[in-house]
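K.L.:
Here's the letter readout for the chains.
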Amino acid sequence: MTGSNLDWTIVRYSVFSLARQALAGHAGWPEAWRKPEPKRRYDVVIIGGGGHGLATAYYLAKLHGITNVAVLERGWIGGGNTGRNTTIVRSNYFLKDNAFFYEHALKLWEGLSLDLNFNVMFSQRGNIILTHDFGGAEGATMRYNALRLNGIDGEFLTREEVRRRVPDLDFSPTARFPVFGAMNQPRSGVARHDAVAWGFARAADRRGVDIIENCEVTGFDIANGQVTGVRTSRGEIGAGKVGIAVAGHSGTVAAMAGLRLPIETHLLQAMVSEPVKPFLDTVVISPGLHLYVSQTDKGEVLMGGALDGYNSYSQRGTWPAIEDVVSASVALLPRLRGLKLMRTWGGVMDMTMDGAPIISKTPIQHLYLNGGWCYGGFKATPGSGWVFASTIANDAPHPLNEGFSLDRFRSGRTLTERGVGNLPHHH
Amino acid sequence: MLLISCPFCGERPEDEFGFGGDASVRHQGGGDGTEPASVEQYADYLYLRDNPKGRHAEYWVHRYGCRRWLVAERDTVTHEIFSVKSASEGGTG
Ligand SMILES: Cc1cc2nc3c(=O)[nH]c(=O)nc-3n(C[C@H](O)[C@H](O)[C@H](O)COP(=O)(O)OP(=O)(O)OC[C@H]3O[C@@H](n4cnc5c(N)ncnc54)[C@H](O)[C@@H]3O)c2cc1C
Ligand SMILES: [Zn+2]
Chain A
1 MTGSNLDWTI VRYSVFSLAR QALAGHAGWP EAWRKPEPKR RYDVVIIGGG
51 GHGLATAYYL AKLHGITNVA VLERGWIGGG NTGRNTTIVR SNYFLKDNAF
101 FYEHALKLWE GLSLDLNFNV MFSQRGNIIL THDFGGAEGA TMRYNALRLN
151 GIDGEFLTRE EVRRRVPDLD FSPTARFPVF GAMNQPRSGV ARHDAVAWGF
201 ARAADRRGVD IIENCEVTGF DIANGQVTGV RTSRGEIGAG KVGIAVAGHS
251 GTVAAMAGLR LPIETHLLQA MVSEPVKPFL DTVVISPGLH LYVSQTDKGE
301 VLMGGALDGY NSYSQRGTWP AIEDVVSASV ALLPRLRGLK LMRTWGGVMD
351 MTMDGAPIIS KTPIQHLYLN GGWCYGGFKA TPGSGWVFAS TIANDAPHPL
401 NEGFSLDRFR SGRTLTERGV GNLPHHH
Chain B
428 MLLISCPFCG ERPEDEFGFG GDASVRHQGG GDGTEPASVE QYADYLYLRD
478 NPKGRHAEYW VHRYGCRRWL VAERDTVTHE IFSVKSASEG GTG
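Residue numbers (our numbering), protein chains in the order written: chain A, 1 to 427; chain B, 428 to 520.
Hints listed in this document are in silico derivations from the structure and should not be mistaken for laboratory results. A virtual CB, placed ideally from N, CA and C, is assigned to each residue, including glycine. Please note: incorrect hints may appear among the correct ones.
[Said to hold, decoys possible] Now the stretches of chain A that chain B is said to cover, found in silico as 3 or more residues with beta-carbon under 8 Å:
{"id": "1", "segment": "262 to 273"}
{"id": "2", "segment": "298 to 311"}
{"id": "3", "segment": "315 to 322"}
Okay, chain A solo, but in the shape it has when bound (with noise of 0.2 Å):
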């Protein structure tokens, strides 16, 4: 399939479709979005293919109007960040700005499948929290005081629930992490992060937008102040509004527009075993050994810790941090002793120096900045691009992101959750 002949009564997904494409042997599925040559000139240009990227794209089209759109992207879509991370999706924050903010993006989170027409297989299964001690325990407590102060849902579990709730857990007496209870938000939990991808992908083709692969962006067009156009591997493409989503990227992309970021390039690594039966239908993490274990719907036990601790663009990691990840698995949940490493990968992240993102303006016009996502972007994309695509076509920030301004740094409003200083390896 090629162009805009696409079929969309082929395309839509649906039981029938399948069963159609069933009886034909699945020859007859189209591409799930065109691969266009990219226009001369776009409205909206939007840099880097990844679910921030593509989800403005999708809200530009769909809640703006606006229809000539492209998305540029260096490599493939689903490549970066959005296609490495743990899948942890969740709205337990306890500064307002992240708080409202996460909310709406797990709000459209419970609704997306249903939106896209595409399974992002959005699982609900909680997130538990571990506290290991006492005081862990009460700062819990007052962030979750925090979150029913702001309408969001949370609990707290002791370790009796906790133990009926992840068995096994080490609850033995010489335990070396010994659980003192947990924190839950119901309604938080994973999601297939490539579904994520080819669902804001597919949606946003389906309303016009041209999503180009292989296209990396070199460079602005600026003049009197103001962004004209972007200077790619495939050419010049003009463009009314240029948005920046590069995850990783941001710091090398921004200074292409001659910006100076408050965000380091750091690597964090992932990792899977080889897969077993069901045992953990829920995600398990410690902030005290910065942990997080879940077990995918292949059986894998997923797995992912702290960054690597330096500078790195690498998407490549090196061996302590997978030490720290795999000793701290095995501490807290004994069974996964003896099970085999299968597959371990890294992603560049965008550490701003307070820990929460920049969705904002920037000092050029008509050029905006998505970025600085930390661990944390994957849980924010269909919000993300929601505000991104308001700020956009508004050329003002909507007041769900407003906190999230670049210039909040010289300020002296920075968005702290832990209320410590200018580091970068915040959440």
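Could you slot chain B with the ligands onto chain A? The hints should help.
P.N.:
Frame of chain A; chain B with the ligands shown alone:
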């Protein structure tokens, strides 16, 4: 595993070291007796960083070794380390 050549201790694995970030960051005003920094200068000092894809001059501290602060020049894509100096000689900050 990175191997970092500490000028005092020789080649050591990365987990003996702590990372200190962009070595081009300079404290603005005040400390060296010049004019105090403006709010903007101070905010830039606190928050803005060079974040290159490629060669990067950065601080490391040999935490579980001689405990000296070092400045390394490293490629942020290949992790090749070009030089490691004592921060008191090689530092730019
Ligand atoms: C190991 C790991 C675990 C994580 N776990 C979680 C989690 O459990 N929950 C959570 O919420 N978040 C998690 N994250 C973070 C989350 O994945 C990211 O914050 C989020 O995916 C970033 O937004 P994105 O999807 O748009 O980024 P990406 O998918 O990285 O998209 C950015 C795109 O921009 C493209 N690009 C870059 N430069 C250019 C250029 N010059 N021209 C054109 N295109 C360009 C890139 O190729 C890339 O495809 C994790 C990340 C990693 C690496
Ligand atoms: Zn030393």
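K.L.:
Per the coverage rule (Cβ-Cβ under 8 Å, at least three residues), is the segment 298 to 311 of chain A covered by chain B?
P.N.:
Result for this restraint: holds, n = 3.
K.L.:
For the segment 262 to 273 of chain A, does the count of residues with a C-beta closer than 8 Å to a C-beta of chain B reach 3?
P.N.:
Held - the segment 262 to 273 of chain A has 4 residues with a Cβ nearer than 8 Å to chain B, which meets the minimum of three.
K.L.:
Would you say the segment 315 to 322 of chain A counts as covered by chain B, given the rule of at least 3 residues with C-beta under 8 Å?
P.N.:
holds (count 3)
Comparing the model with each earlier hint shows no violations; every hint is respected.
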